[in-house]
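Spelled out, the chains give:
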Amino acid sequence: MTRTNPRQPLWQRVKEEADYKTLGSAHDRQKLSTLADGARWEHGADAAKLSTYAARHAAAQPAYDAAAARYAADDGDDDDRFAELPRIAKDVPRTFGGVDAPCAAAARAQASPAMPGWALRLIGMAPTVEEDDDGDDKELYDRRRAERLARLLNIGNEQLPYAQGMNFVAASILSECERGGGADEALAFGLYCYALRDLGCEKLYGRRLPAALAALDLSLRRHAPALHAHLSSCGFDPQLYAVEWLSALFVVSVPRTLSLAVLDLLFAGLEDAPIRVAVAILRQAEKPLLRLKTLDDLVAGFKPAVRAVRPKLVLIDVLRVANRVPLLASPASPKSARSNAVETPFGEGIVTGVAAQGRVAVALTWGGRAELERRLVTSAPPPPPPDSSPSIPTARWTGSSPDVNWFRARADFADY
Amino acid sequence: MLLKVVILGDSGVGKTALLNQFVNNRFSTSYKATIGADFLTKEAFCGANARSVAIDETLVTLQIWDTAGQERFQSLGVGFYRGADVCILVYDITQPKSFENLDTWRIEFLTQASPSDTQNFPFVVIANKLDRENDRRVATQRAQTWCAKNSTSILPFFETSAKAATEVEAAFRKAAQLALSQGTMQADFIPETISFRGSPANGDSKSSCC
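Going down the list, the sequences are from chains L and E. FYI, in my numbering the residues of the first sequence are 1 to 416. FYI, in my numbering the residues of the second sequence are 1 to 210.
Worth double-checking, as some hints may not be accurate.
What the hints assert, rightly or not - Pairs of lysine-lysine, BS3-like flavour, derived with a Cα cap of 27 Å:
id, chain 1, residue 1, chain 2, residue 2
1, L, LYS21, L, LYS312
2, L, LYS303, L, LYS287
3, E, LYS149, E, LYS174
4, E, LYS97, E, LYS163
5, E, LYS42, L, LYS303
6, E, LYS97, L, LYS90
7, E, LYS42, L, LYS138
8, E, LYS174, L, LYS287
9, L, LYS287, L, LYS21
10, E, LYS149, E, LYS42
11, L, LYS138, L, LYS90
12, L, LYS293, E, LYS42
13, L, LYS21, L, LYS49
14, E, LYS149, L, LYS90
15, E, LYS149, E, LYS97
16, L, LYS293, L, LYS303
17, E, LYS97, E, LYS174
18, E, LYS174, E, LYS163
To be verified - Take a look, some chain E residues computed to stay more than 10 Å from chain L by CB distance:
id, residue
19, SER28
20, ILE35
21, PRO96
22, PRO115
23, ARG137
24, SER151
25, ALA170
Keep in mind that the hints were calculated from the coordinates and are not lab data. Where a beta carbon is used, it is the ideal one built from N, C-alpha and C, also for glycine.
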């Protein structure tokens, strides 16, 4: 390895602690060892896949650059290949502000004119007056960086439909790949595609997001029952706080060291890293969170409590909160191989029978069970004949729109 | 007193910028796109509603829920809307589509929040980016017509610029005022006396003794 991971010292400390207390499975500690040895993201990923993605990026670049130039020139419509261009163009300028200074909103509230200029610039509050010292360079740098991000997202969009949040993940990867001066756009593209497609992070967007939130909720109930009960009784569901966490992979929510460490864990192959980090953060903030007694207290005090957690302790705790059935791992067998495999608002699953009122009983791949109305279960073959054997208690789906009402069924999921 | 304000509108119309201008009196071009939702609170003095006379100014705390405007996140879930006291709908005067989508946002809100009185639930409409008047593509008249047809009373309408701090304070104040008066109206319907039988412990419920 020519260069090592800049967070190697952090990982060494985490590993020492994990070894000392024999935390987590041997499998997990082995992943930790690679990080403690200084493994970078590309070392954990499948090299063949990375180069395939990089080649795709190179091949698509000329067509994209032409489309982007036409878009910039006349604002007109474009070829279907880059149909998302206007939507991505809207988000790109609103990305690096969150990546460079993830907790800027909180800092802004505390800011005063007495703060030094560099500090104000970092949180996006620099005076609007243009500065003459190397101002041009900075502007040019920002523009180039934004162009690279836009290109990455637009080319990626062909296979991975763009959703907000992906811009932050891509920008975080791109920034890290630019460390030390180089701008390895193809590598960044490869890592981005690899994280979303091969490591399962595309399950954190759009209509598949509710499943991830439900899995987080279940995992929290398992690993921090008192906190889970408290948050639930206040109505402070994962939907209120974890959409940003999961869809932007913590990039805009926690200090930069921690969000980069999440990507370290992901690329090192730790199963369900995003969900486990979420649970570990909540566990580390348990005491202050339990002191927030009402929904209004939580709304006001949740983010400060979360920002105060110590990255090292979170990363150690990640080893303690493994899920028995990983949600984000790719299914072991291809879908077609299982005749009763279905897609539900809570993720993929297997039909296990017919429940009351013609509902379909589904065992979800991540461990939950649900009883769903037939119309919510897609590509469902005729379910097997009703089974008379008593089954474990399952959820009854009462909502109309899956995205909106996922939590109505949440609390009733059978534990795994 | 705490009031919950929900801000809705298409992606990029300036919801977060409006909120930051109101809460922190600042504008920055380097905002990040909101994912899911964000919360901010601000204490504001709000004149008590017009019906009451000579009542001191009430101190209210606005708990403002900023939301992501992107289509794929449109269904944020009941949790975001539940208990809202007022809803602010925002569009961008340079983006006609964001104006046309106000209907969708309003219906989405009413469906999810399901307030007891959908006809009179307080909304405030904000037309943002007034500093880009030269690029305007939604006429004021058109928006005013929309505000008049969508409620039994005309929805309050403000043309603002989060960048230049134009009318932002006024719009949020109006929202707070409406929420406050709405709360008072609802309180008026509560019967003055509620008959409540004593707790089982004090023995009142026993009809026979001695």
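Right, here's what the structure says about each hint:
| no. | hint | in the structure |
| --- | --- | --- |
| 1 | LYS21(L) to LYS312(L) | holds, 15 Å |
| 2 | LYS303(L) to LYS287(L) | holds, 14 Å |
| 3 | LYS149(E) to LYS174(E) | holds, 20 Å |
| 4 | LYS97(E) to LYS163(E) | holds, 21 Å |
| 5 | LYS42(E) to LYS303(L) | holds, 16 Å |
| 6 | LYS97(E) to LYS90(L) | holds, 14 Å |
| 7 | LYS42(E) to LYS138(L) | violated, 35 Å |
| 8 | LYS174(E) to LYS287(L) | violated, 38 Å |
| 9 | LYS287(L) to LYS21(L) | holds, 23 Å |
| 10 | LYS149(E) to LYS42(E) | violated, 32 Å |
| 11 | LYS138(L) to LYS90(L) | holds, 21 Å |
| 12 | LYS293(L) to LYS42(E) | holds, 20 Å |
| 13 | LYS21(L) to LYS49(L) | violated, 36 Å |
| 14 | LYS149(E) to LYS90(L) | violated, 31 Å |
| 15 | LYS149(E) to LYS97(E) | holds, 19 Å |
| 16 | LYS293(L) to LYS303(L) | holds, 15 Å |
| 17 | LYS97(E) to LYS174(E) | holds, 25 Å |
| 18 | LYS174(E) to LYS163(E) | holds, 20 Å |
| 19 | SER28 | violated, 4 Å |
| 20 | ILE35 | violated, 4 Å |
| 21 | PRO96 | holds, 14 Å |
| 22 | PRO115 | holds, 16 Å |
| 23 | ARG137 | holds, 12 Å |
| 24 | SER151 | holds, 24 Å |
| 25 | ALA170 | holds, 22 Å |
When the structure is compared with the earlier hints, violations turn up for hints 7, 8, 10, 13, 14, 19, 20 and for no others.
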